[in-house]
Amino acid sequence: MHYYIRHQSPSTRHWQTYVLNLPNNPIRRVFTRTSFISSKLSLKLLSKLSRKVSLALVLLLLSYSWSLQALPANNRRAGNRSDAIILPPSPLEVIKFVRPVIKYGADGYAGPADIWNPHYGFLVQSTNPASYGLNFPTTGADGLYFDLIIMGEARDLRWESPIRGKGITVTVARRPIFNSDGDVEYRVTLNGQHARAHINNPHPRRIDNEIELPQTFELVGKNRSGEEIVRYGFVLQKWYVNRGRKFDTFQNQLSWCSSLGYRMVQVKDLTNSACRGSGSGPHCRGAISATPHSTGNHYQRRIGAGFSAEWGDTGIYTRAGFENHFYWTSDAAGGDYQFTVFMGGGYIGNHNALPNNTNYYGLCTTP
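Residue numbers (this note's numbering): 270 to 636.
Hints may be right or wrong, so weigh each one.
Computed beta-carbon distance windows for the label pairs [claimed, not checked]:
no.: 1; residue 1: I585; residue 2: K435; range: 23 to 31 Å
no.: 2; residue 1: G603; residue 2: E497; range: 48 to 56 Å
no.: 3; residue 1: D425; residue 2: I585; range: 28 to 36 Å
no.: 4; residue 1: R427; residue 2: S547; range: 45 to 53 Å
no.: 5; residue 1: G555; residue 2: N593; range: 24 to 32 Å
no.: 6; residue 1: A399; residue 2: N625; range: 46 to 54 Å
no.: 7; residue 1: N625; residue 2: S547; range: 28 to 36 Å
no.: 8; residue 1: N521; residue 2: D425; range: 44 to 52 Å
no.: 9; residue 1: A375; residue 2: G451; range: 19 to 27 Å
no.: 10; residue 1: D376; residue 2: G495; range: 39 to 47 Å
no.: 11; residue 1: K435; residue 2: R493; range: 25 to 33 Å
no.: 12; residue 1: P551; residue 2: G434; range: 40 to 48 Å
Mimicking DSBU-like on lysine-lysine, the simulated pairs with C-alpha atoms at most 35 Å apart in a straight line are [claimed, not checked]:
no.: 13; residue 1: K435; residue 2: K537
no.: 14; residue 1: K435; residue 2: K491
no.: 15; residue 1: K435; residue 2: K507
no.: 16; residue 1: K435; residue 2: K372
no.: 17; residue 1: K491; residue 2: K507
no.: 18; residue 1: K372; residue 2: K491
no.: 19; residue 1: K537; residue 2: K507
no.: 20; residue 1: K372; residue 2: K515
no.: 21; residue 1: K435; residue 2: K515
no.: 22; residue 1: K537; residue 2: K372
no.: 23; residue 1: K537; residue 2: K515
no.: 24; residue 1: K372; residue 2: K507
Derived from the structure by calculation, the hints contain no laboratory data. All residues carry an ideal CB built from backbone N, CA and C; glycine is no exception.
Please model the complete structure; the sequences and the hints are all you need to start from.
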């Protein structure tokens with residue numbers, strides 16, 4: 270059985286692949302159990318393992334293999350049988366991270382370590398099609414993107430792209446860069462319904478009948494021989510349409526969303542901020558946000574816990590049309606006030622919604 274081992278030279282930073290042929294069952298059992306490295310290991314640990322352990326492990330195993338072969342024939346098991354199950358070698362190509370914008374993703378903004386890495390984004394939560402809904406993203410909007418960071422010989426993958434759903438298209442393209450560990454990155458871009466042609470129209474036409482949710486997307490990367498190398502799936506539950514840079518009153522933004530056949534967002538559609546700890550006060554009291562809750566009045570990077578908690582600072586996605594500012598929500602804050610959410614970090618505020626008083630940005634969602 271052949272095993273392929275990748276090693277990066279510290280001097281040249283180039284990756285080299287070594288082929289190891291393990292001829293007997295005992296040594297194959299040892300090697301297969303040690304060859305798998307979970308995609309959830311930290312990047313630093315993975316780097317250290319790949320450089321310092323792989324070659325030493327090969328030499329150790331070869332030494333053990335030679336010792337086994339030197340034993341007298343009458344000391345070996347008949348037919349070289351083994352009572353253990355021999356596991357197949359693990360794939361060399363692994364999706365390590367799924368990275369949206371990571372700004373506002375460290376310290377208090379960071380999600381749990383098994384979900385979020387402050388430097389590289391979300392971790393893959395499921396490779397089972399039945400539970401793709403656990404993966405990022407669950408929300409989408411036209412012009413948003415994320416990067417698949419893949420370990421292994423993945424520079425020439427070919428993707429079934431674009432994938433055209435009902436009202437949503439997903440495309441995959443290779444990024445012309447490598448990170449410091451030699452990993453390959455592929456950018457995944459979402460395109461779908463938007464209302465840029467109707468930003469200044471107070472009564473745009475309905476567009477909600479052009480989209481179907483939820484929608485499942487499966488990205489399959491193949492080598493030049495057509496063999497599947499990596500696969501990633503996700504389920505979009507909600508789709509968002511913004512009004513660009515149009516500042517307007519609460520009532521006008523509410524009416525604009527309704528004309529599209531959408532609804533104005535609620536606080537829980539945007540953030541999992543909690544009215545406690547840092548940034549809390551009367552301005553956020555009573556707001557109902559997504560769960561699991563953050564530790565303060567700011568989002569925490571989680572999957573399925575609100576649009577900004579998934580995508581981060583949406584103002585960085587320049588082609589998506591979002592602003593790093595307050596957006597109206599349909600949640601009443603008492604009296605003449607409505608709750609608002611600052612998209613840069615998921616901060617919850619409230620502002621006077623009376624006509625001719627306060628203007629903020631508009632954001633709609635469906636369903």
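35 Å limit on alpha-carbon distance, applied to hinted pair K372 and K515
OK: K372 and K515 at ~24 Å, within 35 Å.
Proposed proximity, K491 with K372 (alpha carbon, max 35 Å):
31 Å, holds
Range hint compliance [Cβ, A399 to N625, 46 to 54 Å]:
52 Å, holds
Could you see if the CB distance from N625 to S547 stays within 28 to 36 Å?
33 Å, holds
Going straight from one Cα to the other, do K435 and K372 come out at no more than 35 Å?
31 Å, holds
Has the hinted range 23 to 31 Å been met by the Cβ atoms of I585 and K435?
Roughly 28 Å apart at Cβ, these two residues keep to the hinted range, so it holds.
Would you check the hint for K537 and K372, treating anything up to 35 Å between C-alpha atoms as holding?
Distance of about 21 Å is within 35 Å: holds.
Lying within 28 to 36 Å: is that true of the beta-carbon distance D425 to I585?
29 Å, holds
Against the 35 Å threshold, does the CA-CA distance of K372 and K507 hold or violate the hint?
22 Å, holds
Has the hinted range 24 to 32 Å been met by the Cβ atoms of G555 and N593?
25 Å, holds
Proposed proximity, K507 with K435 (alpha carbon, max 35 Å):
The hint holds at about 13 Å.
C-beta pair D376, G495: status relative to the range 39 to 47 Å that was hinted
Holds, since D376 and G495 (Cβ atoms, about 45 Å apart) stay within the stated range.
In this structure, none of the earlier numbered hints is contradicted; all agree with it.
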